[in-house]
Structure formats: C-alpha cells, structure tokens
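Below, each chain spelled out in residue letters.
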Amino acid sequence: MMKREQVPAYTDDFTEEELMVIEAARYIKNDYLVIVGTGLPMIASQFAQRTHAPMASFIVESGPVDPQLLPVPISVTDRKIANRAVRLGSTREVMSCMLQRGLVDLGFIGGAQIDIFGNINSSYIGDWRGPRVRLPGSGGANDIATNCQRILIITRHEKRRFPEKVDFITSPGYLDGLDGRRKAGLKVTKPDITLVTELAVMEIDKNVGKFRLAKLMPQTTVEEVLHNTGFRPLIDGDIDEVKKPTLEQIRILRTEIDPEGIYLKKRTG
Amino acid sequence: MSVSEAVRRFVKNGMTVGIGGQNINRCAMAVSHEIIRQGIRDLTLVGCNLSIQMDILVGAGLVKKCICGTGNLERFGSTYNFRRAVERGELEVDDYSHNAMVARFLAGEMGLPFMPTRSMMGSDLLKQHPSGADMKWVNMANPWDPGDNVILLPAMSPDVSIVHVQRCDPCGNVVIDGILNHEPEMIRASRAVIVSCEEVVPEEVIRSHPERTVIPFHFVSAVVEQPFGAHPTATYGYYEYDDVHIRYYQDMASRGDEDFAKYLKEYVLDSADFVDYLEKIGLRRLLELSRIMRGVDDEKRTGSGLHR
Chain A
2 MMKREQVPAY
12 TDDFTEEELM
22 VIEAARYIKN
32 DYLVIVGTGL
42 PMIASQFAQR
52 THAPMASFIV
62 ESGPVDPQLL
72 PVPISVTDRK
82 IANRAVRLGS
92 TREVMSCMLQ
102 RGLVDLGFIG
112 GAQIDIFGNI
122 NSSYIGDWRG
132 PRVRLPGSGG
142 ANDIATNCQR
152 ILIITRHEKR
162 RFPEKVDFIT
172 SPGYLDGLDG
182 RRKAGLKVTK
192 PDITLVTELA
202 VMEIDKNVGK
212 FRLAKLMPQT
222 TVEEVLHNTG
232 FRPLIDGDID
242 EVKKPTLEQI
252 RILRTEIDPE
262 GIYLKKRTG
Chain B
2 MSVSEAVRRF
12 VKNGMTVGIG
22 GQNINRCAMA
32 VSHEIIRQGI
42 RDLTLVGCNL
52 SIQMDILVGA
62 GLVKKCICGT
72 GNLERFGSTY
82 NFRRAVERGE
92 LEVDDYSHNA
102 MVARFLAGEM
112 GLPFMPTRSM
122 MGSDLLKQHP
132 SGADMKWVNM
142 ANPWDPGDNV
152 ILLPAMSPDV
162 SIVHVQRCDP
172 CGNVVIDGIL
182 NHEPEMIRAS
192 RAVIVSCEEV
202 VPEEVIRSHP
212 ERTVIPFHFV
222 SAVVEQPFGA
232 HPTATYGYYE
242 YDDVHIRYYQ
252 DMASRGDEDF
262 AKYLKEYVLD
272 SADFVDYLEK
282 IGLRRLLELS
292 RIMRGVDDEK
302 RTGSGLHR
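Here the protein sequences come in this chain order: A and B.
Under our numbering, residues 2 to 270 are what the first sequence spells out, in order.
Under our numbering, residues 2 to 309 are what the second sequence spells out, in order.
Among the hints, a few may not be true.
What the hints assert, rightly or not - Here are the simulated DSBU-like pairs of lysine-lysine, each with C-alpha atoms no more than 30 Å apart in a straight line: (1) K263(B) <-> K128(B); (2) K263(B) <-> K166(A); (3) K184(A) <-> K128(B); (4) K128(B) <-> K160(A); (5) K207(A) <-> K263(B); (6) K188(A) <-> K137(B); (7) K137(B) <-> K65(B).
Claimed, not checked - Here are the in silico distance ranges between beta carbons for each label pair: (8) V87(A) <-> R292(B): 25 to 31 Å; (9) E91(B) <-> T256(A): 31 to 37 Å; (10) E91(B) <-> T190(A): 36 to 42 Å; (11) D135(B) <-> K191(A): 31 to 37 Å; (12) P114(B) <-> G231(A): 42 to 48 Å; (13) D274(B) <-> E249(A): 51 to 57 Å; (14) P114(B) <-> D239(A): 33 to 39 Å.
Hints listed in this document are in silico derivations from the structure and should not be mistaken for laboratory results.
Don't be surprised by glycine CBs; every beta carbon is placed ideally from N, CA and C.
Given the sequences, and given the hints that come with them, work out the whole structure.
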C-alpha cells in the first residue's frame, strides 16, 4: 500500500458555532489553568483539552477542581461537570483561593452587551434604577474579569450586543481606556481580552485599550463586521482569516464533545 | 423536627434568609414550599446564585429584596418571576459578584466586621446603591503597601439559612457530598440554620468518620429529614435534577402571574406537605431520577451479561 502524506483535511462542513468553539480553543495553551462555566466556553475548553492542550486544567466556580467532564453539563452544579475531579470544593476555594489569588491563566465570560473597551454587561438593560430588562447578574463573571490575565468571550455578533458603551459595567474590561483599570485599583491592569463571534475575532490592543479587528471568519468581510458592530473597532494592518477546521476537529466536536448537539446545534438541511 | 415546626420556629416575617444550593443542585425546596404555605413575607434573600428556590418565593410574593450574585437557571433560562418583579420595580436587588458574597459570609463566619476583596473594583456593582444602604463598600489602601487597594465589604450574617444536604445526624452534624458552593461560610455566619437532608443518620455514623463532617452541630438549629427534598433540583449522589418538571415550572413562570399562581396552587398550596407534592411528581419519576444519578444506562446494558 502506498504511504499517504499526512495533510490535514480541511473541511467546509462546519457550522458557525463549531468554528467559534475551535477558534476560541486555540487560545487555551497546554499549561493553562482555566476557569469555565457551561455552554460554548465549556465546549471550547473540553475541545482544547481533547486536542492540543491535554494538560490544561479546569476549575468551576461552584467548587469542582480539575474535573474530567462528561458530555454535556448544562449547569455549573451538574454532576457531569463534577465528574472525576481531583477535588469537589467550595466557591471560596475556587473564586478566592485560586482565582483572586492569581493562579488562573484564562477565564471565559459571556454577556448581553460588550463595548469597545471590553467592558461586559450581564446585569441590566437600561438604567439599573428602573431597568427595561433584568439580566442574570454577575455570578463569577466580575471576579473572572477582575483577576484573569486573559479573558475570552464567545458570543453571537449582533449590533445591539456591541454598543459604544454598555448600560452597566458588570465585569471590567479597560473601563474608559488604556489607564482605566490602573486608576480603578485593579491589580491586573492590562489583560488580554479576546472576542470570538461568528463573523470575526477582536482583540484588545493593549497600547490603546480598545478592540482591534484581528481576524475574519471565512467568507466574511470587514464591511459586514462593521455593519453588525455598534462601536467602531480599530482596523489597521493585516487582518488574518480564521483557519477552517479539519475533518478530525469536527468529528471530535460532534461525536465526543457534544454528541447530542446540546450546545452545538446540528446542521439543518 | 418536622419542616413545618422548623419554619414556624426559625423563619419570621422580615428576616434575612440565606439560600443554600446553587442552580440545579441541592436547593432547599421542601423548606421553601413550607415558607410559602405559612406565608412568611417581606423576606430578604441572600446568597450567590439564587435560582428556582428564590424564584418560587418571589413568585409567591414573599420577597422584598435579594442580595446576591445571580438569579438564573443557566440552560433552563432566566428566573422569570424574579425578572418580572425587578422590571416592575417590585423587587429590589443589591448586586454583588460571587466572590464578593463569599467574602461577606467569610467575615460573618469569623466574627469580623468586614472583609477585603479585589472583586467589583471599577465596575458599576460599586455604583449601584440600593435604598437604605448607607455604605455598600469602602476602598482602602493596604497599610503595608499603599499602592495596593482593596474593597472592604461588610459582614453578612443571615437571620436564618436554609440548606438541603445529603446526610445529617439528629444533633445537626452535617455531611455534604460533592460541591459545597458558598454554603460552609454562609451556614457558619448564620444566626439560625435549618438543614433538610435526604437521610438522618445515627450519631455513630458521624463519629466513626468525623473527617467527613462539613459542619458540626453547634451551627445548626433544626434538622429535617426529607427525601427528595431538593426536587426538582438534584441532590448529588441521590437523584438527578428533573428536567421535565423544571421545564414545566419555567413554562408556567414565564407566562406571567396568572399561570404561575396556578402552578403554586397545584403543587404547593394545595399540597398538605412536601410528600404530598412528591406524590404529584410520582414514584416512577423519582425512582428514574435516582437511577440517572447512579449513572445507570437504562436500556442498552440491561441483562447483557446473561445473553452474551
């Protein structure tokens, strides 16, 4: 038999969410301690651990330390997120003794609004004194944004989700600019903040304190991103295209990480 | 002690109530149902993630304020009664992060007036001052390193906390299996604690494995045995959360006050006690939830050893 050359087989058979997860996972390095919640962040973390970052370790705000997740937890208190952990501890052990202590390399956050400074709102739409919409609140998000050197956000790309200024800063990004965190007394003054959507990847420019358009998802344009973004991210220099996934990556996601399609909706049609 | 006696003795109108459990695990539902049946009102609920246990009390019109990190049910959606009450201006919320709430309980449990934290700095959680709060926080420079600032938060000591755990002995020695959430700190900070449990075990069980005791009896005011007492949330090691019932609850809660009142009437007010409620859920379903928690794969492997 002829020996075949090992060329990764890139595929066009992927959903937007699958590529978002794979792209976000690229930011998780092999030696990282990562604090995760449920949903796409958890899928991305598991995917990273299953592929390029087998030594990455997870903690969860409710107490699990280094679990080996069962597919697919739907809550931070799900038995599947506690599976085969090295310890099932407390919120204080995870959020105070590990996160606030400064041991965590990367944290995921989500939110209803994210602004150009990377500030995140998961509390109120409108004025908090008489809100139009009450959202869940901080949970551990404020703690993660406060204490992590690297913050990852995976979210849908919608104009109203990315306003110039959030209605309520639940979790601090760069607050009002480059010096915002230092002025407010935050110990981590210049975190990496990365935003992964179905259209693009934006990264905070650590010399400006604002989001810069870093990468485009396949088949999207700068115009499309700007049209769907309420703020105007920095744009200059090269904008890379996000690599398409390989067949193997998609296989892992669909058969091992989220076989029932709980978070990664199955392709329709 | 019966749950009705425990609630009558330790939960009073206007109290600050510490809420145990989190999200879909170990919410003290039996105790919450009893609070609703007894109509104890003007409550302030405190905790980290307040989920269905808070939402049902809010939906029953018994809560005036929440001091917490979140109100939601993750994959099952928002806590709809909570959300509606806040948006109507009927429920006040004093927002913190989870680490900040833990710091407040930590001060309370150690008999200290306040605790420093790095959380909330620079965020609008500091700007949000609910009515009646004189001073939510103080920014203080580290006396030994003046460039390093922290936020001081006041101790939180609930009048009574309600938690559901796996096991407890009659004196109140508490064993919690699995994750602990914010409960060890909150329980020790509280002036009174009602513990409902899956099983009351003999004192000898506690004394033969004392390293397993999370909370000794000195902190516990009442012990209530109530199997399935967290339903429709899970009790780790005993039974899985009931996704069917939680979805039904969410459906009724999301439709508005009228539909939710029907839910309350059917499942809480028209139930004489929590066992009456469990009978409405049905033994078949409860046994199924136990099997799921044990990780038993129902159909596929049944008898496979015999028919090979």
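Now for the hints, and whether the structure bears them out:
1. K263(B) <-> K128(B): 39 Å, violated
2. K263(B) <-> K166(A): Measuring from Cα to Cα gives roughly 41 Å; hence the hint is violated.
3. K184(A) <-> K128(B): Satisfied, since the Cα-Cα distance of roughly 16 Å is no more than 30 Å.
4. K128(B) <-> K160(A): 26 Å, holds
5. K207(A) <-> K263(B): 54 Å, violated
6. K188(A) <-> K137(B): 21 Å, holds
7. K137(B) <-> K65(B): This hinted pair holds, its Cα atoms lying about 18 Å apart.
8. V87(A) <-> R292(B): 25 to 31 Å: 27 Å, holds
9. E91(B) <-> T256(A): 31 to 37 Å: 48 Å, violated
10. E91(B) <-> T190(A): 36 to 42 Å: Given about 41 Å between the Cβ atoms, the range holds.
11. D135(B) <-> K191(A): 31 to 37 Å: Check passed, 35 Å falls within 31 to 37 Å.
12. P114(B) <-> G231(A): 42 to 48 Å: 44 Å, holds
13. D274(B) <-> E249(A): 51 to 57 Å: 56 Å, holds
14. P114(B) <-> D239(A): 33 to 39 Å: With Cβ atoms ~55 Å apart, the hint is violated.
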